[in-house]
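S.K.: Residue numbers (our numbering), protein chains in the order written: chain A, 171 to 547; chain B, 40 to 433.
FYI, nobody ran anything at the bench for these hints, they're computed from the structure.
Wrong hints could be hidden among the right ones.
[Claimed, not checked] Keeping only pairs whose Cα atoms sit at most 30 Å apart, straight-line, the calculated DSS-like set for lysine-lysine is:
#: 1; chain 1: B; residue 1: Lys60; chain 2: A; residue 2: Lys543
#: 2; chain 1: B; residue 1: Lys188; chain 2: B; residue 2: Lys152
#: 3; chain 1: A; residue 1: Lys433; chain 2: B; residue 2: Lys223
#: 4; chain 1: A; residue 1: Lys481; chain 2: B; residue 2: Lys309
#: 5; chain 1: B; residue 1: Lys319; chain 2: A; residue 2: Lys349
#: 6; chain 1: A; residue 1: Lys543; chain 2: B; residue 2: Lys64
#: 7; chain 1: A; residue 1: Lys481; chain 2: B; residue 2: Lys49
#: 8; chain 1: B; residue 1: Lys60; chain 2: A; residue 2: Lys481
#: 9; chain 1: A; residue 1: Lys481; chain 2: B; residue 2: Lys319
#: 10; chain 1: A; residue 1: Lys481; chain 2: B; residue 2: Lys311
#: 11; chain 1: B; residue 1: Lys319; chain 2: A; residue 2: Lys495
#: 12; chain 1: A; residue 1: Lys543; chain 2: B; residue 2: Lys319
#: 13; chain 1: B; residue 1: Lys49; chain 2: A; residue 2: Lys543
#: 14; chain 1: B; residue 1: Lys311; chain 2: A; residue 2: Lys543
#: 15; chain 1: A; residue 1: Lys184; chain 2: A; residue 2: Lys495
Quick caveat, the model's predicted, so the values are computed rather than measured.
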Amino acid sequence: MDLRYTETQEILKKMARDFLTTECPKALVRKLEQSEEGYSPEVWKKMAELGWMGLIIPEEYGGMGYTFQDLIVLLEEIGRNILPGPLFSTITGTFLIVEAGTEEQKKELLPRIAQGELILTTALLESEGVFDASGITAKATPKGDDFVIDGTKLFVEMAHVANHIICITRTKVGTSPEKGITLFIVDSKTPGIICDVMPTTAADKLCEVRFNNVTVPKKNIIGRMDEGWPVVEMMLRKGAIAKCAESLGAIETCVEMTVAYSKERVQYGRPIGAFQALQHKMADMWTAMETSRYLVYEVAWMESEGIPCAKETSMAKAYVNEAYKDAAKWAVRLHGGIATSDEHDIPFYYRRSKAADIAFGGTDFHREIVAQKIGLV
Amino acid sequence: MDLALTDEQKIRKQEFYDTCKELEKKKPASLLSMETVFELDDCWEYHLHCAREFARKGWLALGWPPEYDGKGDMMDKVLFAEARGYYDIPGVDIFGVQMLAPTLLQAASEEIKREFLPPIARGEVMWCELWSEPNAGSDLASLSTTAIKKGDEYIINGQKTWNTAAHRADWGFGVFKTDPEARKHHNMTFLLLDMKTPGITIRPIPYLDGHTPYCEVYFDDVHVPAKNIVGQEHEGWAVVNLLAGFERSGMNEIMSMFRGLEDFVAFCNKTKRHGQPLSKDPVIRNRLAQLACDLQAARALAYRVADLQNRNEMSLMDAAAGKITFSELGERFAFLATDILGPYGQVKASRWAPLNGLWEKMFHDHFVTTISMGTNEIQRNIIAWYGLGLPRIR
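The shape of chain A in the complex, shown without the other chains (with noise of 0.2 Å):
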């Protein structure tokens, strides 16, 4: 057992949060908010050149070949500096054309993506807002060589700039909701595509994408017909580890940027850091920053290594999420005032904490999976 980072990973570590600090910076990140596109294409360019989005992209389709457990490692850092963009999208829709593609998506799209030409989102949630196979209606049905989807999907992260969609339809009402969803990747040119950016509390461009006749060629099903469920299922799970990195990555911040204020801030003749309610306060958002991170990087190793962890994802999801908030909160409130300012850089991590929270699953969603694996019945 050895629960540092290995060499690679704290080189990667450390070039992250260099180039971050460097070319994201929080005023960057303030004017991409409020931008249309909600990335900045040079700084996607300049990623792309770092191997980011190729990072866990097999050597063979031009990828970096990294593991999972080295993708938290950058998504951490990232989390903590706060990247606006598509990567987050573009690698969750990698991890379903590396799983589950077919050779010849996977030779079409994954050099592509690795170089940073193709930028992807994943279209799952619906009207009902939920994570299981339940909410999905979006139909897709076949015609001749193609299918014909029909159907509005809504939290599309970043899909007003993707160029491929990776749609979740249902193809069949089965025995059970999980029976009969298929993939599709959807080129986001297709006419029948209609996508408006929804207003957001983090300001991520979440998207709702409406599919109308959206016409797609057979070749372009990820998995299998009807059975691609556990390949959603593959994905939420990479999904709920990854955004439980970067929620881990802006615990830290939230925690330095407190514990740098407290001991500037001078009320009643000291620093606002030597008050005990404060220091308490502080020491517990530290304390639940670390047991944050060694359930973070517990349930990463297990996915790193195959084994499997769907409970020990829903318990790290489902910690996460209200350690980032509370954490987000308190940081907010220690600060005072200056941190309710949209010009202080708390807000940003406030803001994405609720973000956090409800992507891949809040926190009762993973609960009730933890009731089940704990032998609840």
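Given chain A, put chain B in place with the hints provided.
M.R.: Only chain B this time, still in chain A's reference frame:
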């Protein structure tokens, strides 16, 4: 990052689990926690039996250097704690094995090590801790019990309190004021003493549930050989800090809660209320799931502490965070379980008590971990002052 155990570790872990599982068969039904071990005669006998069993396998000397007949490493110690926690098996003296032995190994003279380590490893001598006093709790350094050197003896006068299991212990270790004139932190000495020495009076303190795991100890001209010293004379504070650094990972307590949760889940699955099992109640599901998540997080942090200990890189902050986490989890589990049990949550071990009254007991016993060994508020100070570098109160 690699959480895998080596093949050797897996084998030893299995042996720890197998042995504890076997010992569990003979466990008295009245044994609900370590507190009952100190109080009830049959539980104490069982504790000694387990200690002999573990001693026979060399497991009371895990992580000790080979020259003192040590076996295995720190990681083995953690795996052993996991197994004992899961089956709630006593047999490892918290004070002798877990606190004193590592302290002796680092701070005691060769003579003291040779004299006191072997009986600990053999599970023959049980220890207690003589630290707190009525006016020196969290602020231990303001203690006032004196040990005045006279010839080749110290003569102790005063009172110690909150001495867990002092009435059972053969020997005690403690800190005493040896230089009343010197400044705080440089005026005390760490001494080892036989609890049967004339002049020692032990009075059990009734705990809030009427049980008696704690004592107060009175010293009236108690003569202790001057050679029974650990560390330098008047510099006992350094030894106290060293010992505090051997804070446990909490793995034992955490695994005990893992088992407690398994048993509680089974109870909820078979116990009906409103015509359906408790397990179908969405509120209960959510609350137990939350507890399971918190437990997993606590264990992850305990592994971190163990990993650091194993590399001799102990961080005070992580140990403090671990202690806060597992102890407050125990508190929450006790509240949650007694909530779910409804009116049965107040029944002591008896034919009416579900799960043998464990949770009624835990409703009281959780204070043992949140208050002792440095209250959780002191642990938060440690994180704030030593870890986060926040200004210290004076």
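S.K.: All hints, please: hold or fail.
M.R.: Consistency of the hints with the structure:
For the given pair, B:Lys60 sits about 24 Å from A:Lys543 by alpha-carbon distance, which is consistent with the 30 Å threshold. Only pairs whose Cα atoms come within 30 Å are accepted, and B:Lys188 paired with B:Lys152 is accepted, the gap being roughly 22 Å. At most 30 Å may separate the alpha-carbon atoms for a hinted pair to count; A:Lys433 and B:Lys223 meet this at roughly 28 Å. Restraint check for A:Lys481 and B:Lys309: the C-alpha separation of about 23 Å stays at or below 30 Å, so the hint holds.
At most 30 Å may separate the alpha-carbon atoms for a hinted pair to count; B:Lys319 and A:Lys349 meet this at roughly 25 Å. Among the hinted pairs, A:Lys543 with B:Lys64 is consistent with the structure: their alpha-carbon atoms are about 28 Å apart, no more than 30 Å. For a cut-off of 30 Å, the pair hint linking A:Lys481 to B:Lys49 stands: about 22 Å separates their Cα positions. At roughly 25 Å between alpha-carbon atoms, B:Lys60 and A:Lys481 fall within 30 Å of each other, so this suggested pair holds.
With a C-alpha separation of about 19 Å, the suggested pair A:Lys481 and B:Lys319 falls inside the 30 Å cut-off, and the hint holds. Our distance criterion of 30 Å between C-alpha atoms is met by A:Lys481 and B:Lys311, whose separation comes to about 26 Å. With a C-alpha separation of about 29 Å, the suggested pairing of B:Lys319 with A:Lys495 holds against the 30 Å cut-off. Only pairs whose Cα atoms come within 30 Å are accepted, and A:Lys543 paired with B:Lys319 is accepted, the gap being roughly 14 Å.
Between B:Lys49 and A:Lys543, the direct Cα distance comes to roughly 24 Å. Compliance with the 30 Å bound is thereby established for this hinted pair. At roughly 21 Å between alpha-carbon atoms, B:Lys311 and A:Lys543 fall within 30 Å of each other, so this suggested pair holds. Restraint check for A:Lys184 and A:Lys495: satisfied, since their Cα atoms lie roughly 26 Å apart, inside the 30 Å limit.
Violated hints for the displayed structure: none, as all numbered hints are satisfied.
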